[in-house]
Structures are given as C-alpha cells and as structure tokens.
Amino acid sequence: MRKFIGPTVLTISMALGLYLLFMLYISGQTMLAAVFLGLLTLTTFVFTSPRAYAYRYLFPGITAVIVFVLLPMVYTVSIGFTNFSSRNLLTYERATQYLLDETQRVESTGYALTVHPDNKEYRLRLESPDTGEVLLTEPLALKRAVSLNVEVAPLDPVQAPVLAPALPIKDIIALQKDLKLLTLILPNRIELRMVGLREFGPVAHVYKQLPDKTLKKVATGELVTPNFKTGFYEMPDGTKLEPGFKVNVGFANFVKIFSDEAFRGPFLRIFVWTIVFALISVATTTGLGMALAVLLNWDALRFRGLYRTLLFLPYAVPGFISILVFKGLFNNNFGEINLVLDALFGIKPAWFSDTTLAKAMILIVNTWLGYPYMMVVCMGLIKAIPADLYEASALAGAGPLTNFFKITLPLIIKPLTPLMVASLGFNFNNFVLISLLTGGRPDFLDTTLPAGTTDLLVSYTYRIAFEDSGQNFGLAAAISTLIFFLVAAISLVNMRLTRMNKA
Amino acid sequence: MAIVVDRSNRWRILAAHVAVIALIALVMFPFLMILSISLRPGNFASGSLIPPEISFEHWRLALGMSYQAPNGALVEPDFPVLLWLWNSIKVATMSASVTVLLSTTCAYAFARMQFRFKSQTLSALMLLQMFPAVLALVAIYAIFDVLGSYVPWLGIDHHGSLVLAYTGGIALHIWTIKGYYQTIPIEIEEAAKVDGATQWQAFVYVLLPMTVPILMVVFLLSFIGAIIEYPIASVLLHEQNNLTLAVGSKLFLYEQKYLWGDFAAAAILSGLPITAVFLLAQKWMISGLTAGGVKG
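Line order of the protein sequences matches chains A and B. Quick note: the first sequence, position 198, residue 198 per the numbering used here, numbers continuous. Heads up: take any position in the second sequence, counting from 1, add 1000, and you land on the numbering used here.
Read the hints as simulated data drawn from the structure, not as lab findings. Ideal Cβ placement from N, Cα and C applies to all residues, glycine included. Watch out, some of these pointers could steer you wrong.
[Said to hold, decoys possible] Far from chain B, some chain A residues (derived; all Cβ distances over 10 Å):
| # | residue |
| --- | --- |
| 1 | 190 |
| 2 | 228 |
| 3 | 317 |
| 4 | 359 |
| 5 | 476 |
[To be verified] Not everything, but these chain B residues come out facing chain A in the computed CB check (under 8 Å):
| # | residue |
| --- | --- |
| 6 | 1028 |
| 7 | 1050 |
| 8 | 1054 |
| 9 | 1094 |
| 10 | 1109 |
| 11 | 1120 |
| 12 | 1122 |
| 13 | 1131 |
| 14 | 1142 |
| 15 | 1143 |
| 16 | 1168 |
| 17 | 1172 |
| 18 | 1174 |
| 19 | 1175 |
| 20 | 1176 |
| 21 | 1273 |
[What the hints assert, rightly or not] Derived CB-CB ranges, DEER-like:
| # | chain 1 | residue 1 | chain 2 | residue 2 | range |
| --- | --- | --- | --- | --- | --- |
| 22 | B | 1013 | A | 345 | 25 to 33 Å |
| 23 | B | 1201 | A | 48 | 29 to 37 Å |
| 24 | B | 1201 | A | 280 | 50 to 58 Å |
| 25 | B | 1254 | A | 239 | 37 to 45 Å |
| 26 | A | 45 | B | 1279 | 44 to 52 Å |
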C-alpha cells in the first residue's frame, strides 16, 4: 500500500502541472508556458530518476529560494534598465491594443436602451427614435466583467418574442459595469456601445493599424508612430499618447542618478546620511551593549538576572510596535516625551519638523532597539574569557578601566567585528525604522522629486517606487541595483573577517 | 571567587546599581507610558502621565466592541485589530510550516548526502540571504502581479502570495538545521538501513524524531520573522481587512487621524503574545543570534 503513495502523488501533481501548462499555452503566454514546461520536466526528472536522488530533498527548497529571492534580484536589476513606471506600465503589445480599442462616438443618433430580464439572463432591446428600427440581443449573462462582442440583427416585428417588463434605472446602474464592456455589432459592421445610461450609440475606432507598425488617426489621417526610445506613441508634432509602454532605456536611469543636477544633490545627501546613520547606530548600540555586558558580568553585582531580563525586553517586543510607540511618544504636540520635557525644562522640541532633531530621535530610537542584541552577544563573549586573567590583573593592582581596555576589549573585539559589520549592513538598509518613524520626513525643500532629510537609500527607493505620484519603478530599481553592490561589498568584508577569526 | 577586593568596591557597586536602575527606568518608560495611555480616556494627552481616571474605551475598541461616548454617541472600532492579529498569525503559521518542511529536507541532503556543487550551493545560499527583500520590492510586486492574473489566490492582496514570498528566506534555517543534524551520529541511521529501511525512512522515522527541538526553534524563529515582517506585506496587501498587524498598526497614527489611545490598547493586545513567544523561545535562540541574525 505504502509504496503506491509516492507515485500516485507524483502522477496527480504531473496531471495538475500539465493542465496549468495547457491553460498558459491557450491564453497566449508562449514564453511562460515554455519556462513552465522546462520546470515541469526538471521536476519529473528529479523525482523519478535514481541518479538525482539527493536533489529530491533539495529541489523544493532551492526552487523557493531561486524563485522568491534570486529571481526578484535579477528582475530588479533588469527593471533598472527600463523606463517601467506608472506612465509606462504596459508592454508594447498591450499599449497598442489599448489604443486600437479606443473608440469615439460618431455624430449620429443612438438607440434607446431597455434591459429585459430573461430567466437569469438579460436581453437588450434597442430602438432607434428616428426610424423605429428595433434590435434585440440573445439572452446575455452580464456577469463576468469581460469585454464581449455580440452580433445583433434588426428584429422582424412579427417574430418578436414576448419580453418581460424593462428593468428600472437602478438595476441598469447595477449592470452598468458589464454593459459598458459590451460591443454590439450590426450586420453592416457598425459597432454600438453604451454611451449613456439609456442609450447605445454607434462608435468608431480612433486609430487604425497600418502594416508598418504605425497607427493612423482615422478622423484626421495623422500618422502616430511608436517611439522605442521614449516608450510612447507620438503624434507628428511630438505629442505623446498615453498609455506609454515599457522599453529598454540602457543606462539612462543610472546616468540620471549621477549626472542629473536636480537628482544628484539629494541622492548624495541621502547617501551620506545613510552611512552616518549606520555608523553611529553601530557605535551607540555596541557601546551601550558592551558597557552593560561588562556590568552584568560583574559577580559582585546582585539582581543581575532581573536586570538582564528587563534590559533585554526592547529586543523581545516586535519592532513595528515599539517604533510606532516611539512615534507617538515623540509627537510634537501631544507626545508624552514633550510633556515631560515641558514640565521639567519648559521646552517642546519639534522632533518631527526639525531636521537635526528628527535625526537625533531616529538615533535614540535605534539605540533603544539595537543595544540588547549587542549586550547579549557581548555577555556571551565575556563569559568565555578565563577568570584567572582578571585575578592576575587584580594582583597587579589594576583597576576596572585597565581591566576593560587591557583584557576584555582586546579579547572580544575580534569575534565581535563580523557581527558589527553585519549590524552595519542591517542598519544601512533599516527600512522599517525610517518608514514607520518619520517616513523620511521632513522633506528637502529644494528638490523636484520628493526626498526626505531622514530618508535612507532604501526608504528613498521605496518612495520613488510606491509613494510619490510618478511611481518610477525603473529609477527605483536602478538605485536598488547600486545598493546591491554596496551590500555585496559589506558581505564580502564580513565573510573575510569571519574566515580570519576561524583561522 | 577569590578575587582581591578593593576598598572602594562598595561604592562602585552602589554606583553600578544606580546607573543600571536609571537606565532600566529609561528603557521601561515607553512600556509604562503605553499602558497608562491605553487606560486613559480620549486620544490626546490629558496633561498627566498617570491617568486620573481609568477608562476601558480603548480596550473595548481594540477587542472589536463598541462603546458609548460621554456625549451619548456610539463609538465603533475604526480598525479590525483582532482580524489583523488573526491574519498575521495565519500567514506566520503557514509560512513557518512551509519553511520547516522545506528547510528540513534541504538540510538533510546537505548534512548526509554527497552531490556535485554541494559546498558552492551552501555558500550561495548564505550569500543570497544577505540581500534584504526590501531592495527587490518592485520585482516582488511585479512577479506577484503576474502570478495573480493566473492564480488569483497567489496575487496581490491575497495571503497566499505573502506566504510564498516568505518561503524564500530559508537559507539561514537550512544552515541551523544542518549544523544540528551533524551533531547526531550517522551510525543510528546506518543501523536502520542495515535493518532494511530506505534512505527516506531512515530520515523520517529515525533522524527527524531526534531533531524535534531544533525544528521547534526554526518554526518559532520563522513564525516571529513573518509576524514582524513589514516591507513585503506593505507592498502586497492593500485592503484594510487583509492587512497584517505590522502593516495595519501604522494606520492608527496618521496626522489627520491620530488615534493614540486606541493604538496603545491595540499595541499591548497584539504585542504581548508575540513578546511572550519570543521570550519563551529566546533561550534556544541565543545560539542562533550569534550566528549572525539581526532582528528587525
């Protein structure tokens, strides 16, 4: 019985896979279907061939890493070389189709529309007020919200079926979404579309495709050519038509980052702040953490266990909650920190609108968040130092400061360095802190694209991609690519340091 | 311990106690404040740090109940906090299960089998782990946008996409589990094979039961990791009822609509269980922490 389970599961999965493949192929995604076919073949091979036995264990996990970690990285780099943005969102084919689907009402009278229920379906009855001609569609479901072309023919009054009473206007409003997607085609190929709540009218396509990829504006005869440098269809006078399409722009995004004056200024300032922030964060968290670790390893101190637990708490609370708590506590007007400061010193610092104070606040919060990790790590390292070293130094009459600088620090700094570098890399990309605390604000006043004085490179990238009106994915991906190199450099340094420790 | 004791030692100890207690007071300040704020009527500072009267209005709202305001109006909860908590737990449980499933099998192959490119694959996994997902958000968004047009429940604004996106982060766990497997003598599995077990049976019935503790640790680690994850969730989820806690909590503190008291109650309600899980798990985690994981 047991030995059938494996093959059965495999067969069923293969059947499902083949079905998906078939669906992909039918929907016209040939490339995607080919990739999927390759994947399916590989899966079958790995799970049937005895030679690939070890890979059976690896396959699912490695596939997940490749698809959800490696692929997004590669894709990000490739987006960096395109003009992908909210204005150039579609592929060339989709943008062309969009323009070809665009219609315009023709100057002629339309047909009065009534909708009649027919069981669970609907029939549309159209009557021309001029000629009295009546059109009636077959029963339509009007449920799927997809574009639909329906042939319709004038009705012979003699054969007219008995129709249920017409729907009231509020039901037509409910059906409006589907009705708008409906194109009725008359025998003489004139297309009718919904032009008003009670009216269908003849429409004509605005553009016609010519064999040489250009479009012709039917009304004026103007030629519209696709420009593969800018990613737009352009009129003869250079006007760009929306929507644009995605094209390869080479190094344009990178050139923009480094040479566009309006962009280079804020980018460099943000870059400098990112580095300063990461360095200071590592310094403060390590400094405080190490000091506490030394104190809490002191045998003469009582209640060390309790102290340790309480001091560890900031690390145990989910970061997004504590950061938001600080956001509220630091609030300029009704934050509790300003309440205390006001009562004690009569000052109300504007933590969120003053650049320097905002940066100070970020560093304070990040120290609070980060020191417990360093504390725990340092405590572990200090425990490993042989006690007789301290006994010897005590005999020699050394004080605690001498002990720290001559024994403790030199002994823990080497294993600590890779962790400090890792922490540097982490803070370099500390998106959650900035995004939840200040959102990068206060903004620079002298930039074209919104850029924040407290933005790190990653949060700046996020703003370019998802928040500000432009949604310039291409530019954001180009900056991400640059950060990839920085992260890779930090990682390499870190690996070198770790290896040195082991040697 | 027989360390020579200095005469000024008592004063030093006292100074150390004072310093540590002062620091603890500073560190604990946000926790105590948030508790006080959650019990204080109204959403704005009332001028005192300890609430003069205790009101449970914020707690009622956080628990999804309505209450009657002093002016007689019915106040309904603005945000579905419990639903968000449930979403978070759902996504985290699923992604932690998938993570454990994928990383145990991978780690077994790395620990016990010989195949080509083994050490290269291991290093590559480690290296990939160092690039934070926040850098590839645009691509992740685009990938799930496409995926969603074929398989709706894996698209934008569905929890399936989030679970899938989180399964990519298994590299560190593979290393952890592999290290644990290697501490277990291979002779036990070999004995099972001599008795006629296949490799798969030796893995599932012999090795796996001995490694339950590390699997628990990995489960908890990835569970917490998924609960506190913010960037990917903020990009993939939009609709208010689909949000996870990490994304939703932010909505309380908009300048235009500042629900400070409501946030305080929601923060304690959701933060307490997560913190408890973390503290319970931390004694196992310390070893994992020094291996280079930095929590966000």
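Exercise. In this structure, is the beta-carbon distance linking residue 1254 (chain B) and residue 239 (chain A) contained in 37 to 45 Å?
Worked result: holds (39 Å)
Exercise. Quick one, is the residue 1094 (chain B) hint okay against chain A at 8 Å, beta carbons?
Worked result: Violated. Min distance 14 Å.
Problem set entry | chain A contact restraint for residue 1120 (chain B) - C-beta distance below 8 Å | With a closest approach of 12 Å, the residue 1120 (chain B) hint is violated.
Problem set entry | residue 1174 (chain B) as an interface hint toward chain A, with CB separation required under 8 Å | holds (7 Å)
For this session: Answer holds if the nearest beta-carbon of chain A is closer than 8 Å to that of residue 1131 (chain B); otherwise answer violated.
Result: holds (6 Å)
Problem set entry | Restraint satisfaction for residue 1028 (chain B) [CB to CB of chain A, less than 8 Å] | holds (7 Å)
Exercise. Does residue 1109 (chain B) meet its interface restraint, that is, does its C-beta lie within less than 8 Å of any C-beta in chain A?
Worked result: holds (4 Å)
Problem set entry | Interface hint status, residue 1168 (chain B) versus chain A (Cβ within 8 Å) | Interface hint status for residue 1168 (chain B): holds (3 Å vs cutoff 8 Å).
Problem set entry | Given as non-interface: residue 228 (chain A), partner chain B, CB spacing beyond 10 Å | Per Cβ check, residue 228 (chain A) is outside 10 Å of chain B; nearest 21 Å; holds.
Problem set entry | Cβ separation of residue 1201 (chain B) and residue 48 (chain A), checked against the hinted range 29 to 37 Å | Violated, at about 19 Å.
Problem set entry | Restraint satisfaction for residue 1273 (chain B) [CB to CB of chain A, less than 8 Å] | Nearest chain A Cβ about 10 Å off; hint violated.
Problem set entry | Cut-off 8 Å, beta-carbon criterion: hint that residue 1172 (chain B) touches chain A | With Cβ-Cβ at 11 Å, over 8 Å, it is violated.
When the structure is compared with the earlier hints, violations turn up for hints 3, 5, 7, 8, 9, 11, 12, 17, 19, 20, 21 and 23 and for no others.
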